[in-house]
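My request is simple: use the sequences and hints to build the entire structure.
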Amino acid sequence: MKRREFLKSTAVFVAGASISVSALDFIDPKEILAANPDLRWGFLVDTHKCVGCGFCVKACKIENDIPYDANVTRTWVERYVIKKDGDVVMDSPKGARDGYTSKLLDQNHSGMLQVPDEEIAQAFFVPKLCNHCATPACVQVCPVGATYQAADGVVLIDRTWCIGCGYCIMGCPYGVRFFHPVEHVADKCTFCYHRISKGGNTACAQACPNGARRIGNLKDPNDPVTVALMTQRVGVLRDEYGTKPQVFYLGLNKEVR
Amino acid sequence: MKNHVWRPLFVVIAIVIGILLFRAFYVPSDFGAQERGYTFGYHRLSNEQEWKDYPAKYKGNDYCNECHDDKIEELESAHHATIPCENCHGAAFDHPDDPEKLVIDRSRGLCIRCHSELIMPSSDRNDIPGIDPAEHNQGEECSECHNPHNPSLEDM
Amino acid sequence: MVEQVAQMIVHGEAWTVKDLFVLPNEYVYWSIQIVMYPYMTGLVAGAFVLSSLYHVFGVEKLKAIARYALVFSFALLPVAMMPLMLHLSQPFRGIHVLMTPHFTSAISAFGIVFMTYACIVAVEIWFVYRKFIVESIHRLEKLQNRNVLENLLLPFYKLISLGCMDISEKALQADHKAVKIMAGIGIPVACFLHGYAGFIFGSVKANALWMTPLMPVIFICSAVVSGIALCIVSYYIFMEMRKWAAKRGKNWLLPDAMAHGNATMRVEELRSVQEHEVKISSKYLIIFMTLAITLEMLDMIFRGYTAVKSWDALRMVIYEHDFMKIFVYQYGLGNFLPFLMLLWPGLTTRRAVIASILVLFGVFMMRWNVVIGGQAFSLTFAGFMEYHLPIIPHNLETFKEGLGGMLAVIFTPFIIFYFLNMIFPAFMTDDESH
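Chains as they are written, first to last, in my numbering: chain A, 1 to 257; chain B, 1 to 156; chain C, 1 to 434.
Rather than coming from a laboratory, the hints here were simulated on the basis of the structure. Any given hint could be a false lead.
[As the list claims (entries may be wrong)] The list that follows gives simulated cross-link-like pairs (lysine-lysine, DSS-like), each with its CA atoms no further than 25 Å apart:
1) Lys52/B to Lys219/A
2) Lys52/B to Lys49/A
3) Lys83/A to Lys309/C
4) Lys83/A to Lys49/A
5) Lys158/C to Lys131/C
6) Lys94/A to Lys57/B
7) Lys49/A to Lys254/A
For clarity, every value in this text was computed on a predicted model and none was experimentally measured.
Spelled out as structure tokens, the structure:
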């Protein structure tokens with residue numbers, strides 16, 4: 001290529017690229033979504049609205065046949081108490097299946113701890129569930145293809161194929177997976193796939209009296225969850241792992257683990 | 001006896017062929033990389049439908065409304081209207097066929113899920129009227145004084 | 001509601017003690033069997049590498065122990081799989097790893113790498129013992145009245161001879177060459193087999209202690225160390241047993257003699273062979289130990305120096321919760337003490353063996369500290385989990401993932417080796433070996 005030709009083609013390329021980049025600036029994100037009308041399930045948690053009643057945990061356990069008294073759960077609620085001196089105390093007794101009814105914080109082996117009322121700077125609840133990540137670490141590490149992501153983004157487990165090695169449980173940075181006490185295979189939140197795929201709500205979101213939990217189609221620009229994501233400041237949990245979680249939180253702060 | 005050194009190789013090849021034959025017979029035909037590709041979507045396709053067919057236990061207020069529309073209407077103006085029926089009345093399953101009657105949870109434990117007083121600045125829990133379960137009429141069921149559907153004593 | 005209480009076991013609850021803030025689903029899911037798994041795989045790989053030192057690099061001095069290490073490595077092979085089978089919640093589905101391997105997972109390679117490796121070791125043994133197999137067929141056929149064992153062995157030998165009875169000089173030359181090639185291919189595969197066991201841990205990004213690219217290399221080095229150490233220890237013990245048994249004519253302790261009736265070994269000869277082999281092997285042990293310790297130290301220093309978010313939790317585990325296990329048992333008793341013992345002038349066989357036992361213990365503790373230590377802190381970095389090895393089993397799970405399962409895994413290779421010795425005498429001292 002001659003030098004002149006090279007310069008010319010470069011100039012054309014740079015000009016063309018700058019036009020297309022600037023053209024993108026004027027496209028409304030809603031239009032991009034509207035042009036792509038398929039399905040991607042996502043979840044929005046409003047931590048302000050959560051009052052720690054634990055009805056979601058109870059409903060989830062019954063809806064999905066997770067033995068009620070077993071100390072594993074597909075969803076749970078955490079309590080964060082931030083003291084005026086900056087210390088953070090957290091607990092989640094039985095995953096908050098019975099709600100938060102006591103000021104005592106369950107520190108497991110270290111026993112119960114009470115933070116005096118006047119020392120509390122702020123305190124709040126954070127519901128947790130499977131993040132149905134865009135690049136799920138748990139699916140990547142499954143040696144047999146027993147756990148997978150469906151086209152609509154939901155991560156599921158094939159109970160007839162799971163060998164029970166526990167690698168996915170180790171691979172999940174959010175601790176949402178466990179061994180099902182009866183099925184003896186890995187288990188976790190399915191976003192109530194049986195309900196949402198029939199147009200229903202998840203059991204946890206339905207049980208929530210305050211609307212702290214909402215499921216929605218992230219590819220539908222008119223879905224309330226999508227609207228909230230586009231108009232409000234939301235955060236996700238542990239994005240440093242590169243899993244691109246799809247459960248979004250309103251009112252998340254740095255103390256949340 | 002030439003090339004006896006290749007004999008173990010034939011045995012190994014036979015083993016590999018054996019495994020591949022068994023695999024063809026053992027692995028379900030719909031197993032493979034689906035829409036999310038090999039990394040995230042390698043699975044047995046029919047499992048998705050199996051999860052979709054999982055039976056639901058909670059049926060939602062609309063289901064209750066089909067028969068108990070009077071109760072739902074009565075509840076609408078009350079404080080507790082935001083609480084779904086099944087939270088206290090229990091999951092519907094196939095009610096009224098099975099179970100014929102739902103067992104209502106009237107325990108104190110249910111009420112104090114929200115109404116045990118906690119100091120929770122920066123959470124809506126702070127705005128809910130709360131009591132100290134250890135001091136507030138201990139041993140008695142809340143429903144003895146409070147109407148669960150409209151618990152404010154002033155409204156009664 | 002459905003009654004499901006009957007057989008309800010939360011996997012991990014029996015042996016996990018949680019402290020402070022731990023997520024509800026967090027338990028020590030990978031317990032003793034996952035400690036045993038890399039340990040046993042490491043022994044397999046290490047024993048094979050030791051045997052290859054002679055077969056590939058022609059370290060003549062290791063001739064006798066090389067043959068023993070090869071057969072012992074084969075006896076260890078099925079046992080490397082055993083901890084996994086004991087660990088799986090669905091052991092009968094273990095075959096799925098071969099049926100639908102998902103290669104983005106480190107574990108999926110297990111089925112294929114393991115099979116490849118097993119084939120290589122089997123083929124190498126076949127070439128090493130081919131002459132012996134053919135001779136045994138001739139010898140057994142000539143026998144007038146064979147006992148039960150000999151009646152079993154003859155058809156078996158005929159089967160594994162693969163119909164090849166040629167033991168001419170030219171054929172044996174070809175065998176010799178094949179052994180060298182198989183051992184040569186075997187070294188990288190053995191390293192891969194074990195390196196990927198390290199990769200299983202090193203690639204878990206959710207685990208702050210495991211996630212390091214050094215993990216596979218550390219695993220390979222410690223594998224070779226533990227493999228050589230086990231060969232030294234077991235070689236010594238077997239030789240002592242053979243000396244003792246040969247003196248008293250206790251043939252049941254000499255399975256090869258039982259099968260082939262030629263255990264006319266002289267005690268003095270055994271002693272000199274044993275001393276020689278043990279001392280030479282321990283030289284190689286020191287080399288690999290230096291490498292392993294250096295890498296482990298590098299990893300530890302690097303973590304402390306870079307001190308990323310997880311370091312606060314890791315420091316608590318390393319310097320407080322697991323201090324004894326890491327610095328006293330693993331580094332102190334398991335690394336530095338044997339290191340000094342092996343380097344001290346005037347090495348005796350007994351000292352080398354005791355040092356090797358300590359090395360075996362040290363590598364075991366290293367596996368323990370990686371596997372259990374990696375689960376000693378919560379994903380939240382705000383809580384800790386302690387693992388209590390179930391000693392007395394009260395159900396199948398606490399047996400499988402408890403002391404019982406661990407002992408089963410430790411003793412099975414010796415039982416296999418006993419019977420394998422009848423077929424392939426590992427202590428043959430005549431010069432038909434290659």
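Hints, one by one, checked against the model:
For the suggested pair Lys52/B and Lys219/A, the alpha carbons sit about 21 Å apart, so the restraint of at most 25 Å is met. A hinted pair counts as satisfied when its Cα atoms are at most 25 Å apart, and Lys52/B with Lys49/A does not qualify at roughly 30 Å. For the proposed pair Lys83/A and Lys309/C, the alpha carbon gap of about 21 Å is at most 25 Å, so the pair holds. Proposed proximity of Lys83/A and Lys49/A is supported: the alpha carbons are some 21 Å apart, at most 25 Å.
The hinted pair formed by Lys158/C and Lys131/C meets the criterion: a straight-line CA distance of about 12 Å does not exceed 25 Å. Under the criterion of a C-alpha separation no larger than 25 Å, the hint pairing Lys94/A with Lys57/B is consistent with the structure, at around 22 Å. Restraint check for Lys49/A and Lys254/A: satisfied, since their Cα atoms lie roughly 18 Å apart, inside the 25 Å limit.
When held up to the earlier numbered hints, the structure conflicts with hint 2 and nothing else.
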